[in-house]
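Peer 1: Single-letter residue listing:
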Amino acid sequence: MRILSALVVGVLFGLGLTISGMINPAKIIAFLDVAGNWDPSLLVVMVSALAVSFVGYRVILAREKPLYEPSFHLPTKTAIDQPLLVGSAIFGAGWGLSGLCPGPAISATMLFAPPVYAFLAAMVAGMLLHDFSGRRT
Amino acid sequence: MAPLKGEGRADFSWRLAFVAGLVVAPLLFALFSGAPVAVSTPHPVWMMALGGIFVGYGTRLGSGCTSGHGVCGVARLSRRSLAATVMFMASAIATVFVVHQLFGF
Chain R
133 MRILSALVVG
143 VLFGLGLTIS
153 GMINPAKIIA
163 FLDVAGNWDP
173 SLLVVMVSAL
183 AVSFVGYRVI
193 LAREKPLYEP
203 SFHLPTKTAI
213 DQPLLVGSAI
223 FGAGWGLSGL
233 CPGPAISATM
243 LFAPPVYAFL
253 AAMVAGMLLH
263 DFSGRRT
Chain E
4 MAPLKGEGRA
14 DFSWRLAFVA
24 GLVVAPLLFA
34 LFSGAPVAVS
44 TPHPVWMMAL
54 GGIFVGYGTR
64 LGSGCTSGHG
74 VCGVARLSRR
84 SLAATVMFMA
94 SAIATVFVVH
104 QLFGF
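Residue numbers (this note's numbering), protein chains in the order written: chain R, 133 to 269; chain E, 4 to 108.
Everything labelled a hint here was simulated from the structure, so no lab data went into it.
You may find that some hints are simply not true.
Said to hold, decoys possible - Cβ-Cβ distance ranges computed for the label pairs, FRET-style:
no., chain 1, residue 1, chain 2, residue 2, range
1, E, Asp14, R, Ala194, 21 to 29 Å
2, R, Val187, E, Gln104, 34 to 42 Å
3, R, Leu261, E, Ala38, 21 to 29 Å
4, E, Phe108, R, Glu201, 43 to 51 Å
5, E, Pro47, R, Glu201, 40 to 48 Å
What the hints assert, rightly or not - Part of the chain E face toward chain R, derived, beta carbon under 10 Å:
no., residue
6, Phe32
7, Gly37
8, Val40
9, Gly54
10, Leu64
11, Leu80
12, Arg82
13, Ala87
14, Thr88
What the hints assert, rightly or not - Covered stretches of chain E (in silico footprint by chain R; criterion: 3 or more residues with CB under 8 Å from a CB of chain R, positions within the stretch not fixed):
no., region
15, 19-31
16, 67-79
17, 94-104
Backbone N, C-alpha and C fix where the C-beta goes; we use that ideal spot for every residue, glycine too.
Work out the full structure, taking the sequences as your base and the hints as a guide.
Peer 2: Rendered as structure tokens:
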């Protein structure tokens, strides 16, 4: 059940990314291009995703525990520290350069768009670069 | 996207199932809607690759991305995630501005 529910949630997340256009780098770049040909439509995606997850978290976290797990696993860090800000700034630059973030990039694996493979290979390299550079978070 | 490094084998299998669902979703959509899923990449491949390195390194260092901080964290009203989201949105908008307006791509 645990694996089935993860599969269903993955499909649901992927459908959201596909239908909203998050999976399309051209759409993301147009969303970020506020001084050029700005396409603000992804704002609707962001706001509705937040509305659903805001209510969803309140409903789900009111439970004692998840359905298929002994306890909830939530982030425990609260400090707004340098790695958080520097990492986010670097991520943002990469998002702007490519028009892809990790979820949509992985979701697009089977769509046979060669530039996406270049991105994915480089993303894994970037993760390894971080993990082996000794600066652990 | 949750990081793939799991605590054990049980963690690995559900994560794998999640990723499998994520990967088949656009195919299911194309199959049932009859419409192809648009994936067009306006920036050159070298920029995609450079972007990939930044995204991989940055999401690890900053412990999250658009889904992790932007949706899940902000929805839980995490101040940390809100700060991260403001930072990556500003950085992404600034990057596209530089790439388009200053370098003319």
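Peer 1: How about E/Thr88: closest beta carbon in chain R under 10 Å, or not?
Peer 2: 8 Å, holds
Peer 1: With a cut-off of 10 Å, does the beta carbon of E/Phe32 approach a beta carbon of chain R closely enough for the hint to hold?
Peer 2: It holds, given that the least Cβ distance between E/Phe32 and chain R is near 5 Å, below 10 Å.
Peer 1: Using the nearest Cβ pair, does E/Ala87 come within less than 10 Å of chain R?
Peer 2: 4 Å, holds
Peer 1: I want to verify a distance hint. Is the separation of the beta carbons of R/Val187 and E/Gln104 within 34 to 42 Å?
Peer 2: The hinted range 34 to 42 Å holds for R/Val187 and E/Gln104, with Cβ atoms some 39 Å apart.
Peer 1: Are there at least three residues in the region 94-104 of chain E whose beta carbon sits under 8 Å from a beta carbon of chain R?
Peer 2: The restraint on the region 94-104 of chain E holds, since 10 of its residues have a Cβ under 8 Å from chain R and three suffice.
Peer 1: Tell me whether the statement that chain R covers the region 67-79 of chain E is true, taking a Cβ distance below 8 Å and needing three residues at minimum.
Peer 2: holds (count 12)
Peer 1: Using the beta carbons of E/Pro47 and R/Glu201, state whether their distance is inside 40 to 48 Å or not.
Peer 2: Holds: the Cβ-Cβ distance is about 44 Å, inside 40 to 48 Å.
Peer 1: Does the hinted range 21 to 29 Å hold for R/Leu261 and E/Ala38 at CB?
Peer 2: For E/Ala38 against R/Leu261, whose Cβ atoms are near 38 Å apart, the range 21 to 29 Å is violated.
Peer 1: Using the beta carbons of E/Phe108 and R/Glu201, state whether their distance is inside 43 to 51 Å or not.
Peer 2: Given range 43 to 51 Å: holds, Cβ gap about 45 Å.
Peer 1: Do the beta carbons of E/Asp14 and R/Ala194 sit within 21 to 29 Å of each other?
Peer 2: Check passed, 25 Å falls within 21 to 29 Å.
Peer 1: Close enough to count: is the Cβ of E/Arg82 nearer than 10 Å to one in chain R?
Peer 2: Constraint on E/Arg82 satisfied, holds at 6 Å.
Peer 1: Verify the interface restraint on E/Gly54: the C-beta must sit less than 10 Å from at least one C-beta of chain R.
Peer 2: 3 Å, holds
The structure shown violates the earlier hints numbered 3, 7.
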